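Trainee: Assemble the whole structure, with the sequences as input and the hints as a guide.
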Amino acid sequence: MASTSYRTRVIVKEHTNEQTNFAGKYNLLVAAKSVPSPASPPNTVESTTMEDDQQTFEKGIKTSDSREITGNLEKEYLSKVDGYGDKKLDIIHLYGTDGIGGVAKYAYVGTATATPNDVGGNDEILEMTVTVIPSTASELVTDKLTVVDGKDGIFTVTVAG
Numbered sequence: 065m066a067s068t069s070y071r072t073r074v075i076v077k078e079h080t081n082e083q084t085n086f087a088g089k090y091n092l093l094v095a096a097k098s099v100p101s102p103a104s105p106p107n108t109v110e111s112t113t114m115e116d117d118q119q120t121f122e123k124g125i126k127t128s129d130s131r132e133i134t135g136n137l138e139k140e141y142l143s144k145v146d147g148y149g150d151k152k153l154d155i156i157h158l159y160g161t162d163g164i165g166g167v168a169k170y171a172y173v174g175t176a177t178a179t180p181n182d183v184g185g186n187d188e189i190l191e192m193t194v195t196v197i198p199s200t201a202s203e204l205v206t207d208k209l210t211v212v213d214g215k216d217g218i219f220t221v222t223v224a225g
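Heads up: the sequence shown begins at 65 in my numbering, then just goes up one per residue.
Since the hints were derived computationally from the structure, they do not count as laboratory data. The structure displayed is predicted, hence computed values, not measured ones. Just to be clear, a hint being listed does not mean it is correct.
Stated by the list, open to error - Using 27 angstroms as the maximum straight-line C-alpha spacing, the simulated DSSO-like pairs for lysine-lysine come out as follows: (1) Lys-152 <-> Lys-215; (2) Lys-126 <-> Lys-144; (3) Lys-151 <-> Lys-77; (4) Lys-215 <-> Lys-97; (5) Lys-77 <-> Lys-208; (6) Lys-151 <-> Lys-97; (7) Lys-77 <-> Lys-215; (8) Lys-152 <-> Lys-126; (9) Lys-152 <-> Lys-139; (10) Lys-208 <-> Lys-126; (11) Lys-89 <-> Lys-215; (12) Lys-215 <-> Lys-144; (13) Lys-139 <-> Lys-215; (14) Lys-151 <-> Lys-126; (15) Lys-77 <-> Lys-123; (16) Lys-151 <-> Lys-215.
Said to hold, decoys possible - Here are the in silico distance ranges between beta carbons for each label pair: (17) Gly-147 <-> Thr-200: 13 to 23 angstroms; (18) Asp-129 <-> Leu-190: 19 to 29 angstroms; (19) Lys-123 <-> Gly-149: 10 to 20 angstroms; (20) Asn-186 <-> Asp-162: 37 to 47 angstroms; (21) Ser-199 <-> Gln-119: 33 to 43 angstroms; (22) Ala-66 <-> Lys-97: 12 to 22 angstroms; (23) Glu-140 <-> Ile-197: 21 to 31 angstroms; (24) Lys-215 <-> Val-109: 42 to 52 angstroms.
Glycine is no exception: its CB is placed at the ideal position from the N, C-alpha and C atoms.
Mentor: Given below as structure tokens:
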């Protein structure tokens with residue numbers, strides 16, 4: 065069954081080196097208006113020889129560029145992201161209309177920086193962009209993690225099973 069983008073979320077908590085399973089208490093990164101994919105397709109590496117009558121390719125490595133999450137400019141989110149500074153964060157993308165990643169969950173470690181967006185006119189909603197720089201590969205963790213929305217801005221993530 066298909067899902068809409070309603071209640072797609074990105075949640076974060078400060079990363080600790082002693083914890084590698086992404087369990088813990090998380091906060092909403094920003095009330096997002098757009099969320100980029102946490103995963104990317106692999107590069108293709110050409111393997112064509114002079115003997116081939118068509119180009120051939122091998123699967124290469126995945127790229128891991130920064131990700132820009134857009135939301136309305138709200139002091140609460142801007143201040144919270146700014147407060148993280150250069151600290152590493154555990155980041156989880158939640159997909160599905162249930163708001164807790166019922167369709168898909170991706171987790172990785174990275175850093176985040178928030179900046180106000182340019183203002184293009186006199187009748188606009190002010191926006192901000194949170195730029196996330198991943199430092200680990202994103203991992204599909206849909207069936208590995210359980211997320212509970214406390215309805216107070218706090219999300220509890222536990223290891224499933």
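Trainee: Tell me if the beta carbons of Glu-140 and Ile-197 are separated by a distance inside 21 to 31 angstroms.
Mentor: holds, 22 angstroms
Trainee: Does the structure keep Lys-215 and Lys-144 at a Cα separation of 27 angstroms or less?
Mentor: The hint holds at about 18 angstroms.
Trainee: Does Lys-77 pair with Lys-208 here, judged by a C-alpha cut-off of 27 angstroms?
Mentor: holds, 18 angstroms
Trainee: Does 37 to 47 angstroms hold as the CB distance between Asn-186 and Asp-162, or does it fail?
Mentor: holds, 38 angstroms
Trainee: Hint check: Lys-77 vs Lys-215, CA-CA at most 27 angstroms. Holds or violated?
Mentor: holds, 17 angstroms
Trainee: Assuming the hint says 12 to 22 angstroms, is it satisfied by the Cβ distance from Ala-66 to Lys-97 or not?
Mentor: The hinted range 12 to 22 angstroms holds for Ala-66 and Lys-97, with Cβ atoms some 21 angstroms apart.
Trainee: Okay, Ser-199 versus Gln-119 on CB: inside 33 to 43 angstroms?
Mentor: holds, 34 angstroms
Trainee: Okay, Lys-123 versus Gly-149 on CB: inside 10 to 20 angstroms?
Mentor: violated, 37 angstroms
Trainee: How does the Cβ-Cβ distance of Asp-129 and Leu-190 compare with 19 to 29 angstroms: does it lie in that range?
Mentor: holds, 26 angstroms
Trainee: Against the range 13 to 23 angstroms, how does the distance between the Cβ atoms of Gly-147 and Thr-200 compare: consistent or not?
Mentor: holds, 22 angstroms
Trainee: For the pair we were handed, Lys-152 and Lys-215, check the Cα-Cα distance against 27 angstroms.
Mentor: holds, 25 angstroms
Trainee: Has the given pair, Lys-151 with Lys-97, been kept, meaning a C-alpha gap of at most 27 angstroms?
Mentor: holds, 24 angstroms
Hints 2, 15 and 19 from the list above are not met by this structure, while the remaining hints are.
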